[in-house]
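Trainee: Line by line, the protein sequences give chains A and B. Here numbering that gives the first Met the number 0 is used: position 86 in the first sequence is 85, and no number is missing along the way. Here numbering that gives the first Met the number 0 is used: position 222 in the second sequence is 221, and no number is missing along the way.
FYI, nobody ran anything at the bench for these hints, they're computed from the structure. Every residue gets a Cβ at the ideal spot worked out from N, C-alpha and C, and that includes glycine. Careful: at least some of the hints might be erroneous.
[What the hints assert, rightly or not] Not everything, but these chain A residues come out facing chain B in the computed CB check (under 8 Å):
no.: 1; residue: Ser103
no.: 2; residue: Gly105
no.: 3; residue: Ala106
no.: 4; residue: Asn107
no.: 5; residue: Ser108
no.: 6; residue: Val138
no.: 7; residue: Gly141
no.: 8; residue: Lys142
no.: 9; residue: Glu157
no.: 10; residue: Leu159
no.: 11; residue: Pro161
no.: 12; residue: Gly163
no.: 13; residue: Arg164
no.: 14; residue: Gly166
The residues making up each chain are set out below.
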Amino acid sequence: MAYTKKELLDKTNAELRQMCKNLGITGMTKKRKDIIVDALLANQKADDKAKAAKASDTPQTVAPKTDAKKAAGPMQSMAYQMQSTLTKPSAKVGDKHTTTILVSCGANSGSFPVADRTISEVKGFLSEALNIPSFPDAVVNGKKVDDKYVLSSNDTLEFLKPAGRKG
Amino acid sequence: MSKEVKVIGLGGIGSILINKLVRFVNHFSQSGSALNWDITLIDGDDFEVKNKERQEFLFMKNKATSKMEELNALVSESIKYAVPEYITNDNVAEAVREGDMIFLCVDNHRTRKIISEHARSLDNVIIISGGNDYTDGNVQIFIRENGKSLTPSLTDYHPEIQDPPDRLPTEMSCEELANSDPQLYFANLTAATIMCWMAYKVATTPLNEVEFCESYFDIVSMAVNSVKRQPRS
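Construct the entire structure; sequences and hints are all you get.
Mentor: Next up, the structure:
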């Protein structure tokens, strides 16, 4: 069943967490409601894409959902998305191509499959991996953006870390 | 071309940095470079025994004066002036001038803000600012060339410096000054080292080709990450 954002927001945190559990979305037990809702909507969107791609048999194919569900940890739904978008113009049907984005916070950084994700989602997924502070500002390609910004394949994302005070 | 280099703050980071920087400047001058740097040291604080684990001084006196005497004996009279004062709104215009290259190694965000805001009013200035917490920290570089900011100021992407929660050393009591947070020598050393990298970069690269404006380090995760950001108008 497809939910709207409002319908999800009307649910209790316990209900939302149970939905995540049922869908195999992990790492949400201590997350804020808006982050859980974003994760559910993103999962729903990926599901829709998978169905559409399967129906049309176009190069925009999606990895079998069952594989993604088996992946452990908070990265599972991103791993799913990682294999879902075919961005090579020369690619053939069935090819898979990974698009990763450089994400950093302070000294910690890495390339992650977060294209088409909002800043808010990425913050939720990577808060532990990159040690992101509670309410960080986000900078994409050197400019500040808000939480609703959707990342595209050529972006570079930085969560701002406060400067060291002592010297 | 003569350039005035000023090291502001000679605590954990500054006292390590100047030992390396003075040799680099000396080497650069002797290698036939067109760049000729004069060095000035600025700090209102005295060296105390309790800081000997982190700070590199030979004499128990004002840090700027002590370091000038020490290094001029070792490295051929490289340091021209020692100014035993803290930076405040009243003296910042005298301390930071057109054409200066400033190495900012202070231990509070309020001084960083004063210097960054003053630097915005200058046409040509370079500020390299280092800071650390216990095991991590960062180094920023703010470049103004011909009246234009080529990199963000120290406050552009750091609200904690824009609205600093701390106070200037001149506003603090002796007790407050004595009760400083513990620091790790290696964190000071890493910040000083990255400041040296930035010094090399600006000494050898056209300023409009300096891409990175800030480097973060984390000793625990053994990582250094440099970022590019656009200056805010």
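Trainee: All hints are to be evaluated individually against the structure, with a verdict given for each.
Mentor: How the hints compare with the structure:
With a least beta-carbon distance of about 5 Å to chain B, the hint placing serine 103(A) at the interface is held under the 8 Å criterion. Checking glycine 105(A) against chain B: minimum C-beta separation of about 4 Å stays under 8 Å; hint holds. The beta carbon of alanine 106(A) is positioned within 8 Å of a beta carbon in chain B (closest approach about 4 Å), and the interface hint is therefore held. With a cut of 8 Å, the hint placing asparagine 107(A) at the interface with chain B holds, because the nearest CB-to-CB distance is about 6 Å.
Interface restraint check for serine 108(A): the shortest CB-CB distance to chain B comes to about 5 Å, inside 8 Å, so the restraint holds. Annotation: interface hint on valine 138(A) holds; nearest CB of chain B at approximately 6 Å, less than 8 Å. For glycine 141(A), the shortest C-beta to C-beta distance to chain B is roughly 4 Å, which falls under 8 Å, so the interface hint holds. The beta carbon of lysine 142(A) is positioned within 8 Å of a beta carbon in chain B (closest approach about 6 Å), and the interface hint is therefore held.
The beta carbon of glutamate 157(A) comes within 5 Å of a beta carbon in chain B, closer than 8 Å, and the hint placing it at the interface holds. Interface hint status for leucine 159(A): upheld, as the beta-carbon distance to the closest one in chain B is roughly 6 Å, under 8 Å. The restraint placing proline 161(A) at the interface with chain B holds, with a minimum CB-CB distance near 5 Å, inside the 8 Å limit. For glycine 163(A), the interface hint holds, since its Cβ comes within 8 Å of a Cβ in chain B; the closest pair sits about 3 Å apart.
The criterion of a C-beta within 8 Å of any C-beta in chain B is met by arginine 164(A), whose closest approach is roughly 6 Å, and the hint holds. Below 8 Å, beta-carbon pairs count as interface contacts, and glycine 166(A) has one with chain B at about 4 Å; its hint therefore holds.
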